[in-house]
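**Student:** With the hints as constraints, model all of the structure from the sequences given.
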Amino acid sequence: MSALLSKAAAGSVLSVKALTKTFGGLLAVNAVDLEVPRASIVSVIGPNGAGKTTFFNMITGIYEPDAGSIELDGRDLVGLRPDQVTKAGIARTFQNIRLFASMTAEENILVGRHPRLKAGYVDALLRTRKFREDEESAHEAAGVLLDFVGLKRQAQELSTSLPYGDQRRLEIARALATNPKVILLDEPAAGMNPRETENLKALIRSVRDELGVTVVLIEHDMRLVMTLSEYITVLDYGTKIAEGLPHVVRSDAKVMEAYLGRGAAAGEYGKQQSGTDGVAHV
Amino acid sequence: MTASLLRPKKAGPDAPDRTLWLVAYTLLTGLLLFWGSGRLDPGTKFNSVVLSFVFAAFLGSLLLAYQWRANGAVKVLVGVFVLIFVVPDIGRGNGSFFDLAIQMCIFAALALGLNIVVGQAGLLDLGYVAFFAVGAYLWGIFGSGQFQGIVKSDLPFVPLGVGDWLIPLLLTLAGVAGYLWMKAIDRAHPGSLKPRGGQRAARAFSVLLIVIGVVGILVLVATLINAAITSHYNGQPAALSALASGINPNFFWLFIILAVAVAAIAGVLIGLPVLKLKGDYLAIVTLGLGEVIRVFANNLTKYTSGPQGISGVTTAPVSLLDKLAGALGFPPEQFKLFFLYFLVLLVIGVVITVNVRLSRSNIGRAWVAIREDEIAAQAMGVPLVRTKIMAFATGASFAGVMGVIFAAKQQFISPESFTFFQSISVLTMVILGGMGNIAGVILGAAVVTLLNLSILTALSETLQALPNFNSNLDPAKYNRLIFGAILVLMMLFRPEGLLPSARQKIMMHENDDTDPALDSLNDDGAIGGALGTGAPGMPDVTSPGQATSAENTPIDRTGGRQ
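Chains as they are written, first to last, in the working numbering: chain V, 1 to 282; chain X, 283 to 844.
Think of the hints as simulated: they come from the structure by calculation, not from any bench.
Values in this document were obtained by computation on a predicted structure and should not be read as measured data.
Example chain X residues on the side facing chain V (calculated, C-beta under 8 Å, incomplete):
hint: 1; residue: Arg639
hint: 2; residue: Leu640
hint: 3; residue: Asn644
hint: 4; residue: Arg647
hint: 5; residue: Val650
hint: 6; residue: Ala651
hint: 7; residue: Glu654
hint: 8; residue: Ile657
hint: 9; residue: Ala659
hint: 10; residue: Gln660
hint: 11; residue: Gly663
hint: 12; residue: Val664
hint: 13; residue: Pro665
hint: 14; residue: Met672
hint: 15; residue: Arg785
For glycine and all other residues, C-beta sits at the position ideal for the given N, C-alpha and C.
**Tutor:** Structure (structure tokens):
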């Protein structure tokens, strides 16, 4: 492989620059930059209300940024609608699970295939060959994805009757069905027990390793973040206060302060925990 | 109806085979119907109320054929026997049943159209009957003497001078120029239009100018066409007098197709501005727009005759069917009903096919997804406005076709037929039958129409014949009260409708018996096994921009703690 090619492949797949959003007088996200290398697992962390979800919502087109740029493989995404962003190659899951309640697990994933189907209204009416091929490929993809997240047996069950951890996994499968380049996971481990979190960790790794999809993660479970991510960005009050490799971020004074408060970060807590988990138990 | 019908369940593969029961039921009720309508023995005739119930029970055999597990060929035979043979034959003796059957089909198609909008896409439309009115007036105006009246009137304003066209043309040009200018700025300085600001406002204003200009031009073009037609006929008295009962009735076929398009366009036009709204707001706005169409019909007197309505609407002549009807002993005044009955059966067949095909496609899934969660649906790549517009236009086109047939059947249309209450009663059919379920919606339409046009009217006729009957107690006057009571009872005891869709049923009774497990820990190894097998056979789900994990990346990938 030529040097040029490998350089292009190794570059950023998602590049966010100076992204800013205000709600009235509140500066929710303030000039945040984020470079996401291709086929990496990157985390965005920060205390509650730090602007992480707002940041995701801007990337996926739900909110329009006041300033800044979002580029996916060099294509500017600002101003696109959420469905156009998904079609361009960014899929997401939601903090509070948003599965389609009255649909089965399989149907949920079939909806995720929507942006990749070519058959239109007339094809559906006339049951053309294009339509039949589309449906077949969508069902095939759904089967593969259900297998991938370990829900093959639950394919025909109502999505909301699945156990909590399975719903989270189904949401990831649904997002993957859109053939994303980048998948944004908004607190995928929220409310999970340690066992489910371990399964999730394996799943996220395989999303990257086996499907080659870049993962961007918002998460509060520090153990998960520290073991999984290759790169971490820390937000506080909408501003980026630190970024870097997990072990660097963990010992960053500003990050400690943001999570624990000024006194605690400088004082006894740091002493007691030093050498062990650091902020992992926060 | 029996208790088992009130709790119908689609029979599973292990249900007992009821072919014999089905045949017995159909034959028995059919026999009762023949006997009761005096066709076996002219001496005996049932009371009209009883006869209405017998007719309803007889139509129930179609429902049983749908619900029960029975031989497929027998089911088809029952359907053909009921719809093709018995109903027309009963109609020959008693025209009101013919009329009733046609009316049921018309309302079933309306309910099926509304079911797409409300039941599948979850957009509460309270002005649905407007599209019905569009179809009805489309054929009503051209298929009756009304058209002659329009072209006979004085020559309208003829916009042939340059001055007439100058203003809208200039507006359009200015708008296009402004839009292109802003586009050029955007291209030269990417991102400059993104923050809310003067340039974006300027772009919006340009679009507004274009819209006003184009609408102005369209109005002028329409006026010009109108003037051309009028002047053409004014020079030819013979052609004008040929229009005494509308244009050539063979155009009826064209207008059926045209009604699909016109109603769909009306659906798009009404839908575009309102579909950004949700829930209650959408309901209020559609209610208002539905009334707007009715008010147009009421006040565009030159075209619609206003509140007096249009009478003498014709139908296409089908001499072949007429001959057939004559040979079968139908009186000539029923030829038209005979033709329309089979036409309506054909149309409803098409409507059901379209409905089924769309709901079992990616479009139908997108509708349900939008109903369940708009934000998630959009995040999965479903374009909201376009998908909602599709639902609106599809529903509208069903109503448009049936509007044409309705006008042809009634021979008379007036704004009275397209009131808000009509929209509500179509909605009632959808809810009563089972929102989202095609068979349920048809059942709802049949039940409501039967109750409204057959049972209640028969009841009031019978009661009025009694001596000393107090006319304040006339049940036909209380049909809305009776509907209200039925709806309240349904919402209390069976909110999912008579024949609910599988989705609705599960949703409404989710907590009745199931107890969702709270964790997935029992599925040990499930994920490990899945991950092991997933990779090789999944060309379809890999990322379009994928880079395999073997490739070099500059970042540290050790992951865990160091």
